[in-house]
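Student: Residues per chain are reported as follows:
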Amino acid sequence: MFKRGQFTLHDRYISQFSPFLAIVLDETLAGVLALGCSGIIKDFFQKAPLLDKEFYLLRMGIFSHFMNLRAVYIHLGWFQISITNLIVVLSMLLLFGLALVLPFPGNNKKGGGQK
Amino acid sequence: MSTDVEKEMWTSKLRKSWQKNLPVEKLLPDTQPAYVASWIYLFGVATLAALALIIASGLVLSFEGASWYHFSRVGHFVNSMHFWSVQFFFIFMVVHLWGKFWMAAWRGRRLLTWITGALAFVGSIATAFTGYLIQTNFDSQWISYEAKDGFNSVGIGSRFNVTNFGQMILLHVAFLPVIIGVITIIHVLLVRAKGVVPPIDAFNKELGERK
Numbered sequence: 002m003f004k005r006g007q008f009t010l011h012d013r014y015i016s017q018f019s020p021f022l023a024i025v026l027d028e029t030l031a032g033v034l035a036l037g038c039s040g041i042i043k044d045f046f047q048k049a050p051l052l053d054k055e056f057y058l059l060r061m062g063i064f065s066h067f068m069n070l071r072a073v074y075i076h077l078g079w080f081q082i083s084i085t086n087l088i089v090v091l092s093m094l095l096l097f098g099l100a101l102v103l104p105f106p107g108n109n110k111k112g113g114g115q116k
Numbered sequence: 023m024s025t026d027v028e029k030e031m032w033t034s035k036l037r038k039s040w041q042k043n044l045p046v047e048k049l050l051p052d053t054q055p056a057y058v059a060s061w062i063y064l065f066g067v068a069t070l071a072a073l074a075l076i077i078a079s080g081l082v083l084s085f086e087g088a089s090w091y092h093f094s095r096v097g098h099f100v101n102s103m104h105f106w107s108v109q110f111f112f113i114f115m116v117v118h119l120w121g122k123f124w125m126a127a128w129r130g131r132r133l134l135t136w137i138t139g140a141l142a143f144v145g146s147i148a149t150a151f152t153g154y155l156i157q158t159n160f161d162s163q164w165i166s167y168e169a170k171d172g173f174n175s176v177g178i179g180s181r182f183n184v185t186n187f188g189q190m191i192l193l194h195v196a197f198l199p200v201i202i203g204v205i206t207i208i209h210v211l212l213v214r215a216k217g218v219v220p221p222i223d224a225f226n227k228e229l230g231e232r233k
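Residue numbers (the numbering used here), protein chains in the order written: chain A, 2 to 116; chain B, 23 to 233.
Calculated from the structure, these hints are not laboratory results. Hints are supplied without guarantee of correctness; some may be wrong.
Here are the in silico distance ranges between beta carbons for each label pair [to be verified]: (1) B:Arg-129 / A:Leu-77: 35 to 41 angstroms; (2) A:Ile-75 / B:Ala-78: 32 to 38 angstroms; (3) A:Asn-86 / B:Asp-171: 21 to 27 angstroms; (4) A:Trp-79 / B:Val-82: 39 to 45 angstroms.
Since this is a predicted model, take the numbers as computed values, not measurements. Backbone N, C-alpha and C fix where the C-beta goes; we use that ideal spot for every residue, glycine too.
Go ahead and model the full structure; you've got the sequences and the hints to work with.
Tutor: See the structure below:
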C-alpha cells in the first residue's frame, strides 16, 4: 500500500506541503529546547556527546528534518497521492463537514436568528 | 435643459445605477438573514483574511529582498508566514467553493458572482505558481525548468517564459496581484449587491419561488 518513490528535488518540493501539524510540533520542540536552556535539558545536551547530524537535528528541529525527506506515496491501482497532500485534502473535507454540522454560536433555529 | 444633458452623461448613469443596485445600506449592512448564522458562510471572509495576510507579508518580503528572507530569522518568519497564508488561503477558498457549489450559489441572478469567484480561483493558482518560481532557491530552479517544457509544448513558452526571473517576479508582485485584487473587489461588491445566497430549501420556503 505504501510506496516510497525515488528521491528527487520534486519530492522535496512536494514536502513543502507537509501538514501544519509538523510545523506546530517543530515549533513546540524549539520552544521546549529554548525553555530548557537553563535547566535539566541544557545540562543533558551539554553532557551528551553530540554528533554533527544530531546537533543539526536539534538546531533545525526534528520535524523540519523529516519534512526534507523523500515523500511517501499511497498507491492504489491508478490512484497515487502523497501522504502530505492526502492529509491536506482530508483536512479540508473534515473542515467542510464540521462547518455543516457544528452549531453556530448564538444561532437560535426556533427564533430564526437575526432579522 | 440641463437636466436632459445630465441624463445623457455616463457619470450620471453610473451614479444612478450604483445607487439603485448597491445603496450604502447594502454595501455596509448591519444585519444578515437568519440562514447566514452557519460556519459554512464564514469561509469567504476567512479567505479574504488570508489574502490580507498574504499581501501584508508579501509587501515586507518585497521591501527587504531575498538576501533578507533567506538568511535572517525574522526573514524566515515572514517568508513562512507568506507561505502558510497562501496554504490557508487555498484551503479556505476550496471549502468556500465546495459550500457554494453544493448550495448552487449561482441562483437568483448571481451567475456573475460565481464567475468572478472562479476567475479569482484560477488567477490565484497562476499567482501561486509564479510565487514558486521566484523563491530564488533550488525549488524554484527545478520547478521552472520542468514547467518550461509544459508551456513550450502548448506553444506559449515564448510569451510566458517561466525561466525568465524578471518576467515572473513582475507578474507575481505587480500584474497578478492587481488582477486578483480587482476581481476580488468586484466579487465582494456583487455579493453585497445580490445578497448572500440562501440555502436551497430556505430559498423556497421564504420566497416561495425558485430561480
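Student: Look at each hint and say if it fits the structure.
Tutor: Now for the hints, and whether the structure bears them out:
1. B:Arg-129 / A:Leu-77: 35 to 41 angstroms: Check passed, 38 angstroms falls within 35 to 41 angstroms.
2. A:Ile-75 / B:Ala-78: 32 to 38 angstroms: Once the Cβ atoms are compared, 37 angstroms apart, the range 32 to 38 angstroms for Ala-78 of chain B and Ile-75 of chain A holds.
3. A:Asn-86 / B:Asp-171: 21 to 27 angstroms: Distance hint for Asn-86 of chain A, Asp-171 of chain B holds at roughly 22 angstroms.
4. A:Trp-79 / B:Val-82: 39 to 45 angstroms: 44 angstroms, holds
When held up to the earlier numbered hints, the structure conflicts with none and fits them all.
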